[in-house]
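We have chain A; now place chain B onto it with these hints.
Top line first, the protein sequences correspond to chains A and B.
Residue numbers for the first sequence follow this note's numbering, beginning at 1 and rising by one.
Residue numbers for the second sequence follow this note's numbering, beginning at 225 and rising by one.
For the record, the hints were derived by calculation from the structure and aren't laboratory data.
Positions of the beta carbon are idealized from the N, C-alpha and C atoms, including for glycine.
Be careful, since some hints might not be right.
Okay, the calculated beta carbon distance ranges per label pair [said to hold, decoys possible]:
# : chain 1 : residue 1 : chain 2 : residue 2 : range
1 : B       : Asn455    : A       : Thr210    : 24 to 32 angstroms
2 : B       : Ile325    : A       : Glu73     : 54 to 62 angstroms
3 : B       : Glu392    : A       : Leu189    : 50 to 58 angstroms
4 : B       : Lys457    : A       : Glu73     : 19 to 27 angstroms
Stretches of chain B that chain A covers, calculated by requiring three or more beta carbons in the stretch to come under 8 angstroms of a beta carbon on chain A [claimed, not checked]:
#  : stretch
5  : 245 to 255
6  : 363 to 371
7  : 387 to 396
8  : 401 to 413
9  : 454 to 460
10 : 514 to 524
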Amino acid sequence: MIKNILNLGDAALYCDFGIEVNKEINTQVIRYFKSIKKENIDGVNNLAPSYNKLIISYDLKKTNFEIVKKIIENLNIKKSDNLENKKIEIPVCSDEEFSLDIKRLEQKLNINREKIYKNFFEKEFFCYMTGFIAGMPFLGDLDKNMRAERLETPRVKVPKGSVGLTEQFANIYTYESPGGWNIIGNTPLNIFDSSKEIDPNLINPGDTITFKRITKDQYLNYNE
Amino acid sequence: MNNNYFEVKRSGINSTFQDQGRNNLYHVGIPFSGAMDNRNYLLSNKLTANKLNYPVLEFAYQGPLLKYHGDKIIIAITGDVNFTIKKNNNLINGTCYKSLILENGDELDIISTNKSVYGYLAVSAKFDLEYQWYSYSTNTKANIGANNGKKLEVGQKISISNIKKNLEIKKLDYRNTKIEKIRIIKGTNFDYFSEKGKKTFLEKEFTVSKLSDRMGMRLQGPKIENIFENNIKSEGLVKGVIQVPADGNPIIMLSDHGTIGGYPKIAVVISADYDKLVQLTPGSKIKFKEVDLRSALTLFKMYDLETQNLISQI
Chain A
1 MIKNILNLGD AALYCDFGIE VNKEINTQVI RYFKSIKKEN IDGVNNLAPS
51 YNKLIISYDL KKTNFEIVKK IIENLNIKKS DNLENKKIEI PVCSDEEFSL
101 DIKRLEQKLN INREKIYKNF FEKEFFCYMT GFIAGMPFLG DLDKNMRAER
151 LETPRVKVPK GSVGLTEQFA NIYTYESPGG WNIIGNTPLN IFDSSKEIDP
201 NLINPGDTIT FKRITKDQYL NYNE
Chain B
225 MNNNYFEVKR SGINSTFQDQ GRNNLYHVGI PFSGAMDNRN YLLSNKLTAN
275 KLNYPVLEFA YQGPLLKYHG DKIIIAITGD VNFTIKKNNN LINGTCYKSL
325 ILENGDELDI ISTNKSVYGY LAVSAKFDLE YQWYSYSTNT KANIGANNGK
375 KLEVGQKISI SNIKKNLEIK KLDYRNTKIE KIRIIKGTNF DYFSEKGKKT
425 FLEKEFTVSK LSDRMGMRLQ GPKIENIFEN NIKSEGLVKG VIQVPADGNP
475 IIMLSDHGTI GGYPKIAVVI SADYDKLVQL TPGSKIKFKE VDLRSALTLF
525 KMYDLETQNL ISQI
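Just chain A, with the same shape it has in the complex (with noise of 0.2 angstroms):
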């Protein structure tokens, strides 16, 4: 649960659940997340879900730090309660043209591209927060043999429908972005979508998600 909460500034709570990255703690932060988004508090006009924290950002002319922060304090929120979250697919193509470091990975990991790849497409990755930018997925966790660090320069443009691994996430690149993941594929599938009104990331925090690779035929030809 939440372990303190600070003020971020004059229009901000800072709710901190811990120092470490993992799934318990962030399972937490969700469950915070989704309840107070359904509470609609008055003057709360944005939340921030990560890794182990949840920024809950307010309108000063209408609310303070010390109201909202006592709302917080007295939610009651439990365990048990459902995260409601989806299974998804994401078909990725990972031909050398779009595995754009796959040759990086190999020496900086000492394997090889086959079992990189293996390992890749079999894991099952949890969702632990949509962001930077507009509705790109934190996915964790990679096996420990399978963490790489980011590029030493970040390529200027990264394709968009890039899928990148860094430490222990993967991540999809919604639009072309700067960035500095190390790229293994391609996904022709939308996954941030701005004409949705409502809900326009296709995944969302707390949501598994599985890769599912595909050949460059049925990427040239897939249809959403």
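Same frame as chain A, but now just chain B:
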């Protein structure tokens, strides 16, 4: 087809439509956005007798050159802006905080912002824009919001509708002042920094770098020494957060910031000083001053009261 429109003859450096911003999407990865200088945004709408939450055109440094086609309208420009209106062959120097009449064929040339970054153009009508997630604000990095999420482009048309018939001239006696001390509240990682680092942050002067935009403002100055950890586990951000990466140079998060960050948060700019902070041009010198949460709240109430007073004077 709408007959009233602006033709964009020069786009300006970063001209975007903005309103009060977009709520409740941080968790998706979408920041507030909205007008950088909220007070000047509100004043531009009041000067054109609009609802205060109407979208307006925000420009930075050099603004657009717009040729107007259509029925008479009232416009107003706020900020510290140098602009002219060409009527037939007469060139009229524009005055900020005073509404002006534009007629068919007039050219509005927003030449530059003076010793500031942002200015605002409002019209006594409604810009025909797409609403996205309850806001017209444009986030050009994510291509979200009005104008297909893009900056103005040369050659495009901006159509307007619902032109108000009452062409009353309004004005306000107001002058923007430059801020020298930015007031802050200590951040959640303040103690990651050495005593010397904290002193450097609170006492030394910093310079606003050229690498500043709607996402963030980078500062240069003496290195702020971190003795604990140069990175934290990525977590949420809010506008005004000051992060210090390993190189020791602070970055202030502004309205279009990425929603998650992994650098220690040394401080957060108080809400009352945000409008003036964003107007600091590259090369400006600033110092920080620490205040507590209670003072920040009082200062915000004073700032808000002053804004309401200005609005009521129009």
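Results for each hint:
At roughly 29 angstroms, the beta-carbon separation of Asn455 (chain B) and Thr210 (chain A) lies within the given 24 to 32 angstroms, and the hint holds. A hinted range of 54 to 62 angstroms for the beta carbons of Ile325 (chain B) and Glu73 (chain A) is consistent with their spacing of about 56 angstroms. Here the CB-CB span from Glu392 (chain B) to Leu189 (chain A) is close to 54 angstroms, well matched to the stated 50 to 58 angstroms. For Lys457 (chain B) and Glu73 (chain A), the Cβ-Cβ distance of about 24 angstroms falls inside the hinted range of 19 to 27 angstroms, so the restraint holds.
Only residues whose C-beta sits within less than 8 angstroms of a C-beta in chain A count toward coverage, and the stretch 245 to 255 of chain B has 8 of them, enough to reach three; the restraint holds. For a cut-off of 8 angstroms, the count of residues in the stretch 363 to 371 of chain B with a CB near a CB of chain A stands at 4, and the three-residue condition holds. Look at the stretch 387 to 396 of chain B against chain A: 0 of its residues bring a Cβ nearer than 8 angstroms to a Cβ of that chain, fewer than three, so the hint is violated. Restraint check on the stretch 401 to 413 of chain B versus chain A: 3 residues with Cβ-Cβ distances below 8 angstroms, three needed, restraint holds.
Closer than 8 angstroms: that is the beta-carbon criterion, and the stretch 454 to 460 of chain B has 4 residues meeting it against chain A, so the requirement of 3 holds. Counting residues of the stretch 514 to 524 of chain B whose C-beta lies closer than 8 angstroms to any C-beta of chain A gives 4; at least three are required, and the coverage claim holds.
Hint compliance for this structure: hint 7 is the single one not met.
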